Every structure is written in structure tokens, then in C-alpha cells.
Amino acid sequence: MLSALVAGAGPAGSTLALLLARAGKSVCLYDRSTFPRNKACGEYLSAGSVRLLHEIGVGAQLAAHARPVSGVRLHGHGVHATIDFPQPGWSLPRCLLDQTLLRAAREAGASVVRARVEDCSDRAADASLTVRFPDGSIAAAQSTVIIGADGMHSIVARKCGLVADRAHTGRFALGGHYGGFRKLDGYIDMFVDGDTYVAINPLTDTAANVMLVVGHEELAHNAQRVDAFAEERARALAGDLLARASAESKRIAIGPLSYRARRLRSRHVLLVGDAAAFVDPFTGQGVYLAMRCAQIAAECITSGDLRAYEARARREIAARERAAKRVGAFVHTPVLARAAAPMLRRGAWIFSPLVRRVVGAA
Amino acid sequence: MAYVITEPCIGTKDKSCVDVCPVDCIHGKDEDEMLFIDPEVCIDCGACVSACPVEAIYADSDVPEKWQNFIDVNAEYFKK
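Residue numbers (this note's numbering), protein chains in the order written: chain A, 1 to 362; chain B, 1 to 80.
Keep in mind the hints are simulated off the structure, nothing from the lab.
The following residues of chain A were derived to be distant from chain B, with all beta-carbon distances above 12 Å:
#1 K25
#2 T82
#3 R182
#4 K183
#5 D195
#6 G239
#7 A247
#8 E248
#9 S303
#10 A311
#11 R312
#12 K325
To spell it out: a stretch of chain A is covered by chain B in this simulated footprint if at least three of its residues, at any positions, have a beta carbon under 8 Å from a beta carbon of chain B; those stretches are:
#13 129 to 135
#14 149 to 155
#15 215 to 225
#16 249 to 263
Keep in mind the model is a prediction, meaning the values are calculated, not measured.
Note that CB positions come from ideal geometry on N, CA and C, so glycine has one too.
From just these sequences and the hints, can you work out the full model?
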């Protein structure tokens, strides 16, 4: 029997498999996709995420492909404000991040199997994971530790009763790569209109990740022409910045952008990454939390104290959620945004501790 | 890309997926034996996958070999 089975080979699952393999554990990682694969993601990594990547030992090889991000320019409600990050983050293609972490896990000794997780049951002595292989056949494997790193639509969380009813409405993100910009600098531009926003994160001087976040109602209303709608909405919000640019990839969607497991642990099962909690993509915290929860999980698993995971991971998640909520309130509430703008322009002093939290530098 | 409903749905037709789809692209009449996803409308968000009680829904790139024909079955349904 292997020491641990990990469902999902995104940043959370790969990081955990890597850390466990390094600690001498036998671990198998399952994912339904072939890598590299595309995912809806803002492709911004906070300074905290960059620090974690260096800790994990893949920072140096990724640095060559990353572009520094100095801050965010917020536009909306008649306000233009620049927030400089205390430490720069990175913009980095998500498929490269996923592929690098997965390769590192494999090199550390984790086995990687292409299969979709279909069932998970937690029992007295161990837990069992049922997977379906690409040929359609099914197999079950047992271990005393199974980790659900299978995203916000986690099958592991659902089968183990760790999630209450999911939200069916809320906001959805539609992302894609655009090319043809004239000259992008090191800032993310964020155009906000109520709960809707579009974020433009430069990947090169002329290409950027463009992510639109809209409410469920607006999306449903435009269901028959989602791609055209997303294009028009992004252009209307971003104005001149997008004028010369054009989409270079198919848009990828994810949502609803609100999900949180009721519990992060049952007897032999842990949830990490988006399967544990999904934070507003506005803050660029998803990958940070994925890797940080994986670190905590690895420590708990190697020390044999799975019980400690719930409280430690929750503290980490709660801190990010609080910060995201406060920034969200300022950004999405016109009155607050206007009130905050002069302070932001004066060097963002009042926001500094907050910004540090949000960008993961604290 | 789009998601595809496969064999386990036949005779199940739970319809939980219909409730969670943000663009209302999952259809099936009473007389149909299963539900179908319109690949032209599907935005690939994956919300339906975890709503399905019988694990019948796959991304088109991940459909098991023995159910590959369901990619066409879903698409054809909307061409009628």
C-alpha cells in the first residue's frame, strides 16, 4: 500500500506529491488531463507565491520565464489609482507552472497516472480511491492518506461528505490570451464596474492574459453568444488598452467563483487547494493557498498528525479571505473607491499592511 | 472544447447538471433516454461534472475510449 494517493495534479496536488516524495513517502498522483493543459487563471503570482516556489525548489528554473509585476492600476467609478506592490510578483503562463511542478514531483519519485477520480470513501482503517483510466476501465486503490486536490468541483470532497450544497450562481471568470498590444509595462490593469471587472496581466511586451469576471445573470442572459459577449464586455471596460489587441486563444471559463468545503479533513482524507476553498481571483491568491496548504498537509502527513491540518489550513485560508473581502469592498463599492483613491495615490500608505497581506508578502 | 455526457446517464437523467449550468446548454426531452450538452454553447466551466451523481460527464479531451462516440452523440442531438 502506498503512503499517500493524491487526486489532481494542479499546483496543490503536484506540490504535495513533490514534498511527500522528498520526505521518502511512496505517493501516486492521479489526473484526468494530459499536461500541459490550459486552465482559466489570471496567471499572476504574488510575491508570497514566488517565495514558496523558491522554497519548493522550482523558483530558479521558472524565473527565466516569468515577468515581474510591480503593481496594479485600478480603474473604475471615475477613479484611477496605482497600487505598487511592496515586492514584485510574477506573471507566468499557468501551463508552464503546472508542468514544472508536475515534473519536479515525478523527478522526486512520485508516480503520475492519467486517470479520473470517480469515487472516494473514507473507512475505519484506510480510505479508498476509485479511478477511471482513459480506456474506460476502473480500478480502486487504498491508502491511509488520500488527498483531494481536484479543484473547486472536487469529487473527493463531495464523495467524502466534506462539502455542503454548492452555490449554483455567483460570478464566473472567462479568460484568454490576447496579443497585439503596443507596449505593456509591469502593471496589471484592472477595470472595475460594480461586481464585474476585467484584469489585463502582461505576459510579454505585446501579449497579456485577459480575464473577465461577470455575474451569473449576465452570463445566462448572453448564453447563446458567450464568446462575443465576453469580447464586447472586456473591450467596453478596458477601452483604449484593448483596442489594438486581439484574442489568440479560445476563452476558458470557470465558476461559480464561490466555493468552500465544510471541513478540510475526514479520518484519512485531506483537501488542499481549490478543493478546500476558492478565493476571489481578484487577489491572485489561489496558487499561493494551493502551495501553502500543500506544505502544511505535507508536514501533517509526515509527522503523522492529520488532525492538525484542519485548523492550520483554515487559519491560512481565513487570512486570505479576510484580506480579499476588504480589498473587494473597496474596489467594488463606488463610494469607498472614491474615498480611498486619494490615499492610494499618496503612495498607498494606508493600504500597505493590507496590500502586503493580499499580495502574500506578509 | 466542451463537456460531454456519456453512457452512465442513460436511464439516470438526474438533471442536477441542468440546474448548475450557467448557460443552460444541457437538454433532453422526456422521451430521450439521456441528457445532452450543446458543444456550441458550453463554456467549459466544469460546474456540471461534480453535480452528476453517476460520473457521466467528461471534458471532450478526457472521454474514455469506449465512450468516444458520445462526443458525436451530444453534438448530433442539437443538429436535428
